[in-house]
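Listed in order, the protein sequences are those of chains A and B. In terms of my numbering, the first sequence opens at residue 62 and continues consecutively. In terms of my numbering, the second sequence opens at residue 77 and continues consecutively.
These aren't lab readings, by the way, just hints derived from the structure by calculation. The beta-carbon is built from N, C-alpha and C at its ideal position, and this holds for glycine as well. There could be a bad hint or two in this list.
[What the hints assert, rightly or not] Computed from the model, here is a short list of chain B residues facing chain A with C-beta under 7 Å:
hint, residue
1, 98
2, 107
3, 132
4, 175
5, 186
6, 265
7, 284
8, 286
9, 287
10, 296
11, 303
12, 320
13, 354
14, 365
15, 369
16, 382
[To be verified] Derived contacts from chain B toward chain A, CB cut-off under 7 Å, selection only:
hint, residue
17, 91
18, 106
19, 126
20, 305
21, 307
22, 387
23, 391
24, 394
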Amino acid sequence: MTAAGDERMWTARLRRRAVSALPPEQLLPDRQPAYVSSWIYVFGVLSLASLLVVLVTGVVLALAGPQWYHVSGTGRFVNSLHLWSVELFFFTMVIHLWGKFFMAAWRGRRALTWVTGAVAFLGSIGTAFTGYLVQSNFDSQWIAGEAKDGLNSVGIGAFFNVLNYGQMLLFHVVLLPLVLGVLIVWHVLLVRRRGVVPPYEQAAAAQAGTAGGHRADAESTVDSTVPVGQKQEVAG
Amino acid sequence: MKWRAKYRAAEARYAAPWAGAYRRYDIVKEFVVALVVVSLLTLGLAAVFGSPDRTAITLAEWATNAPNDFVATATSELAGSSGTATYGAPYVDDPTAGQKIGPLALQRWAGVTTPVDTATEFVLNPLATVPGDQGLTDALAQYKAATADQQQKWATAYGDALTAAPDNDPAKVTAGDYGPVPVLADRLLGYARSGGLDGQLLAAGSFYQTDYTRSVLFLADGTYLADQAAAAHLGGEQWGMMNETGRYPGQAWLWLYTFWYQVPPFTTKGSSWADSADAWIWGIMLVLSLVLILVPFIPGLRSLPRYLGVHKVIWRNHYRAAQPR
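The following block holds chain B by itself, in its conformation from the complex (with noise of 0.2 Å):
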């Protein structure tokens, strides 16, 4: 125990008033001075460098642009196999789903908050709001008529025939049953197109909102999405979390949190690290954060300063005055 009574009589010291000599220091003026300084410096790099801003997606940008990947994505949704009918917790009670650490399953620990139907949320609630169009109708009371082993069955179907379909396009799938699926996703591509289906995801029947959970949630299940954020250098895998568009430092102080879906074993596809890549790296990133904080009384790290030796920059005046002459 002599290094504790060591290291307290140390601890003593240190804490004790100063003893030594002082010098003038103005703190207000220099705060005044740091502000202006700051204050300079932001103004000329925003002057020069401005700031990145590109315009938010929209679903009718999505449907012009990629409709076929739009057809897919609405089918996928009937079909309860994109990636929101399969997400588990927080959206959809599914006991299989959900990433974990260990045996540790903390994205079901809270249940079901934000409860999302996609086949009903995302498809038929905004087509059945479609007027004067009866061949919609007719498909809408085809498809609500049928069982839910059907309807899975005619949109698992087309989904099929539209990943095997060439471009994946709705108009070169080869003929089969699809019941009234097909229609369903026509229709709603229309509706997405004219900017029906933005206003009604976010709006669902009031008339004020705050909430984009199903537009985004309906937004990132395609591909469309993340292609853009891709060809912007935003992708997970290049280190896209930290970046923003454009040639802007972005948030450069999550360097160490997009570290870890750069490398092994979180970058090995289909092992049961990357498939709970993000809680793995969030429990990795809560120890870390915890050692951050925990520092001065973390035996061997709060003392490793002393071994590093750039104290004796920081502090070269005073250990210089303090030789001996």
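Just chain A, with the same shape it has in the complex (with noise of 0.2 Å):
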């Protein structure tokens, strides 16, 4: 129930601004333009769900700390596990980045997203060059004496001292993961909210003034499982 001037609260502002850049139906969408149908699309997905199991690896080992997952055999598991979603997380993560350079996926005023997207791949090299630093073992130590040098050398050392276990935990397991965690979310929002780049418009279609011909294919469709009407609300 709701009273009068209630749609003034700065909650009720704020919600109305919500869902307004992202209704439900387009931030949780059951369809997809037909294009979007290549195994090119899986990875995006694939690097979210890399990130997940690297985040709950991470979580466990610094719980545990060194002193289990250095000695126990569950410990050296759980770091092994930790070790591989790492891998796969940046195997998949740069497969979409090049699908997406590939694409073009920067066209239509989705500059933003790939922004987001280059900044937290470019955020997740630095995070997992922390966690090598906070393995606190042989790989550690030479790491932390090799890096010191080159962010020495451009007086981010100054600050960002690679040899302070304690500052480096702190950076892999909390500010940096907070930093990841917000420019991942807003980068699939971007997606949710400017919708998946179509494909490049062939040069008759661009003359006549249509995205790739892409009304022209709107009959001729791909895949056509929904009726016209039910796409075009879809696509908001």
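Both chains are given apart, each in its own frame, so use the hints to dock them into the complex.
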């Protein structure tokens, strides 16, 4: 039940803006344009799934500590799970990134989607790097000793000390995942809001003023499982 | 400006809501299946390949396995000639030290934020905690009573003598005026072998500690750590930054960063490029990272995918369906 003036409440305004920017059917759509039919589209969601495994295994490692994951059999195994989920995360993310490059996925006012994805990729490299530093083994010692020179050479080492285990642990398990989490959520919401980039238009279609002959395609559907009216509603 | 109008028109068309055909797409199901697949793959890879986990090198291990290197390093810390003592910012205040990108001395811009006095912190202070050794007490007293110039002369002379000795063996050093330095280096070796130096460098008088800066700097000043890394194919000239011990993929995503360390002019010994290789390579990577982030705004580069043609493979079904029959 609403009372007069409720619509001016900050909460109500925020809700209206959120629903208007991303209505539920756009946030969790059950339809996608017919051109979204290639294995390349799977790699975005695969990288998200890998990230979830990275987070879960990482939380277990951080809670139990190095005295556990260096010594016990279970700890070593969870350490291996964390390593391989990170490898899968990067493998799938790099394919996703190349796929989006080849599709020029920044077209149609989707530049911010690309930018947030690219920054998240670079941020992931930094996060993984701090992970290698906090393994607390020989690799950590060597990588820290080598990496300090690069960071010091441009002045970053003055504030980001790779030899300081406590500082690197904070970066690895809190600060960088937080930044990364925000970037990835933002990236995914932008994908939902802007939609998946359409194929490059063909010359004839461009002359006709349609995106790749899309409007002409509408009636010669690849997979016409949904009436056109409904499609347009989903497209928002 | 015709091309700009054309570009904007195309952008508007690509931004417009899709008016073509749609297909069912269960993204929740897709995510759940992806999660199951990734989890199974992770479990399989972890079970089959495990993960590398070579134990960290302790100062005790270094002192035991490479005593000559340890003594030479300790002496260089006293002489002020070690890597850390001559590093410059952020450890040592030395206007002549540090890397530059042309005239830009970025390494020095924030000054000394982690001050390290190698002689005091790596050698003298730890030795001062060793009890019941009159010879050591006398050596420390003699060293501290001497002028800074004298201290450096002793340590430098002993360092040179160690370099000239067969196998750099302290026992084979020719006689000379080294003052108390040989005793100090020898006692530090013994202290390190006992494991005492590991705790002393880390704790430095406090109970809790999470900062390994001094321990790693001291360890890295010797050649033992680098030798172990080179044997494990982790050296800087062996694409080491992206590798890890054993036959594991490591940080393969650092390939481009590591690549620059393998090619001239950064590999040309003695050149200014090689001397400031880290700074130049960080500069290059910063520019390349910006290019990656800003691809959508760079004319030419943003249009490149159209001409590469990979999109025709990705959207082959769409283009096939769009062809007139």
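Subject >> Violations among the numbered hints >> reply: Numbers 6, 7, 11 and 21, in rising order.
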